[in-house]
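Start from the sequences, fold in the hints, and give me the full structure.
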Amino acid sequence: MGQTTAYKKSVAATVGAGMKSVFGGSGRRYYILEHKISSKYHRAGESQKIIVDQIELGRDSQCTVRFDESFTTVSRRHAAIIRDGDNWKLVQLSKTNSTYLNGSKVQTEWYLQNGDEIQLSTNGPKLGFIVPQGEKSLVKSIGLTNRLSLFRQQALKPYKNALAILSCVLLLAIAGSVFWITHLSSELDKALAKVESAIKNNKELSGTIDDLRKQDSITQAQIKKGGGRGYGGAAVPGNLQAMVSSVSPSVYFIVTTVYFQVEGEEAQKLSSSSGTGFLLDDGRFVTARHCVEPWLFPPLEPSIMAETYPSQCKIWSVIHAYGPTPTDDFTLRSSDFKIDRSKDLVKDFAVGENGESLRWRIASMITTNKGETLGNKESGGTDWAYARTSKKGKISANASLSANLKAGTEVYVLGFPAGLGVNDSKTKRIEPIFNKMSVARSGLNDENCIMVSQGVAHGNSGGPVFVVSGGKIQAVAIVSRLEGRTQQYGNNGAIIQQQQQYDQLVPINNLR
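FYI, in this note's numbering the residues of the sequence shown are 824 to 1335.
Treat the hints as calculated values from the structure; they're not laboratory data.
A portion of the hints provided could be inaccurate.
Stated by the list, open to error - Under the rule of at most 25 Å between Cα atoms (straight-line distance), these lysine-lysine pairs were calculated in the DSS-like manner: (1) Lys832 <-> Lys1214; (2) Lys1295 <-> Lys1259; (3) Lys1170 <-> Lys1137; (4) Lys1217 <-> Lys1137; (5) Lys1251 <-> Lys1200; (6) Lys1092 <-> Lys949; (7) Lys1215 <-> Lys1170; (8) Lys928 <-> Lys832; (9) Lys1251 <-> Lys1214; (10) Lys1137 <-> Lys1166; (11) Lys1229 <-> Lys1092; (12) Lys1161 <-> Lys1215; (13) Lys1259 <-> Lys1229; (14) Lys918 <-> Lys928; (15) Lys1092 <-> Lys1161; (16) Lys1092 <-> Lys1215; (17) Lys1217 <-> Lys1251; (18) Lys963 <-> Lys872; (19) Lys832 <-> Lys949; (20) Lys1249 <-> Lys1217; (21) Lys1161 <-> Lys1229; (22) Lys832 <-> Lys959; (23) Lys859 <-> Lys959; (24) Lys1215 <-> Lys1251; (25) Lys1214 <-> Lys1092; (26) Lys872 <-> Lys859; (27) Lys1295 <-> Lys1229; (28) Lys959 <-> Lys928; (29) Lys863 <-> Lys949; (30) Lys1251 <-> Lys1161; (31) Lys1295 <-> Lys1215; (32) Lys1200 <-> Lys1161; (33) Lys1170 <-> Lys1229; (34) Lys1092 <-> Lys831; (35) Lys1249 <-> Lys1200; (36) Lys1217 <-> Lys1259; (37) Lys1092 <-> Lys832; (38) Lys872 <-> Lys831; (39) Lys949 <-> Lys918.
Quick look at the structure:
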């Protein structure tokens, strides 16, 4: 078959896929390479389990399946095996030495089947390709210690400057705070990827949002079934209609794309997520910090790479803000935002192969499955970010009021839960969804945040929260996260128990 897509080494297919396999790997599958001859690095009959989506075979030290210098007809980077949906493909890389599949020469690439035999060059080393069957084919069937070892060997080995991260057990214990960011599944990530080009094509943007809604619909159905309360898209009371209409054009749908780069390598996209941002009348564009720097909130694997190897590993995000019309759109980078990092926890948690300290940075409170908490109690209050822009919105902020709201006070939210409000109107490209909640306790909690009855959902993150004071609608807070995890699920994924939940808001007063 002809090559369908150009091969390119990818951080997402190595480090990203490796982390997905280590951190649960629900539904992820692996395959086995059986070595049929002995070499310096592998003995005949040895079975090598592969848990990442992309590996290279050859004599180069960075190859996952490596052969020693005695194999002169094996190229430095001879071939690759990559995931293609639910299948695997063998890709020819060498320009001088051939690769054979079941005795037939591979011109560019070919799909692999269980029981296939791979041979690197004529009379070269042979490998059997084996796909386990049933439950044994799932990555989760591999023991934790073994998965950690495979991650180190397969995900990190291709990046010579990012040395092995050996001790991820602490990370694996994190049950974590649940932030209202769509830290995406692979399906949702694919849907959001389309948004990058949708700025020029509203029809395509609409299709993307439809995909987002489909992903979110199951969750919302479960919440309703369990007696909980999802986002409602509540009707706007008549006396608020004009006020809400006046500030709605200053509420933006945002898409955050995270990039990661190892020194000497091409930058790679790690993930995408959606949320909300808003433009104040002083020109500040405000959102939640976890929408700008999602790698510092669970899961934390990119944080370890960037914090441990700051001179070799770089991570950043690009935030695309979509307004009522294409002329209102703009793009920012994470470096454009002012952020409070004073409450972050920076922790050395292990020692690497070369004696270097392995370090992580945590921007939130997290709880391990043993009930241990990590981070600063006030870290929730720093879940804000703003960037100065040349634009001015219609939203005014009331900082003093934001820290002194009384229990029972009604507050109003505008945002884009599950992408609702984006291209779902016949007349408007962007129209944020309205909802209302009530303050659950007077003043601020111990994380320096406002607690309110649950009323937001995925995509509301970073959105404005308003009160009406003195006959005016004013922003008092930013949507941050869900307080606690109280849902319990049965084996079929349905909610079997759910307690009342609360949302946490960052008061505008916290911005510095």
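Each hint tested on the structure:
no.: 1; hint: Lys832 <-> Lys1214; result: violated, 40 Å
no.: 2; hint: Lys1295 <-> Lys1259; result: holds, 16 Å
no.: 3; hint: Lys1170 <-> Lys1137; result: holds, 19 Å
no.: 4; hint: Lys1217 <-> Lys1137; result: violated, 36 Å
no.: 5; hint: Lys1251 <-> Lys1200; result: violated, 41 Å
no.: 6; hint: Lys1092 <-> Lys949; result: violated, 34 Å
no.: 7; hint: Lys1215 <-> Lys1170; result: violated, 39 Å
no.: 8; hint: Lys928 <-> Lys832; result: holds, 23 Å
no.: 9; hint: Lys1251 <-> Lys1214; result: holds, 21 Å
no.: 10; hint: Lys1137 <-> Lys1166; result: holds, 22 Å
no.: 11; hint: Lys1229 <-> Lys1092; result: violated, 43 Å
no.: 12; hint: Lys1161 <-> Lys1215; result: holds, 17 Å
no.: 13; hint: Lys1259 <-> Lys1229; result: holds, 15 Å
no.: 14; hint: Lys918 <-> Lys928; result: holds, 13 Å
no.: 15; hint: Lys1092 <-> Lys1161; result: holds, 23 Å
no.: 16; hint: Lys1092 <-> Lys1215; result: violated, 31 Å
no.: 17; hint: Lys1217 <-> Lys1251; result: holds, 18 Å
no.: 18; hint: Lys963 <-> Lys872; result: holds, 13 Å
no.: 19; hint: Lys832 <-> Lys949; result: holds, 23 Å
no.: 20; hint: Lys1249 <-> Lys1217; result: holds, 24 Å
no.: 21; hint: Lys1161 <-> Lys1229; result: violated, 29 Å
no.: 22; hint: Lys832 <-> Lys959; result: violated, 28 Å
no.: 23; hint: Lys859 <-> Lys959; result: holds, 22 Å
no.: 24; hint: Lys1215 <-> Lys1251; result: holds, 21 Å
no.: 25; hint: Lys1214 <-> Lys1092; result: violated, 28 Å
no.: 26; hint: Lys872 <-> Lys859; result: holds, 15 Å
no.: 27; hint: Lys1295 <-> Lys1229; result: holds, 18 Å
no.: 28; hint: Lys959 <-> Lys928; result: violated, 31 Å
no.: 29; hint: Lys863 <-> Lys949; result: holds, 15 Å
no.: 30; hint: Lys1251 <-> Lys1161; result: violated, 31 Å
no.: 31; hint: Lys1295 <-> Lys1215; result: holds, 18 Å
no.: 32; hint: Lys1200 <-> Lys1161; result: holds, 21 Å
no.: 33; hint: Lys1170 <-> Lys1229; result: violated, 37 Å
no.: 34; hint: Lys1092 <-> Lys831; result: holds, 13 Å
no.: 35; hint: Lys1249 <-> Lys1200; result: violated, 45 Å
no.: 36; hint: Lys1217 <-> Lys1259; result: holds, 20 Å
no.: 37; hint: Lys1092 <-> Lys832; result: holds, 12 Å
no.: 38; hint: Lys872 <-> Lys831; result: holds, 22 Å
no.: 39; hint: Lys949 <-> Lys918; result: holds, 19 Å
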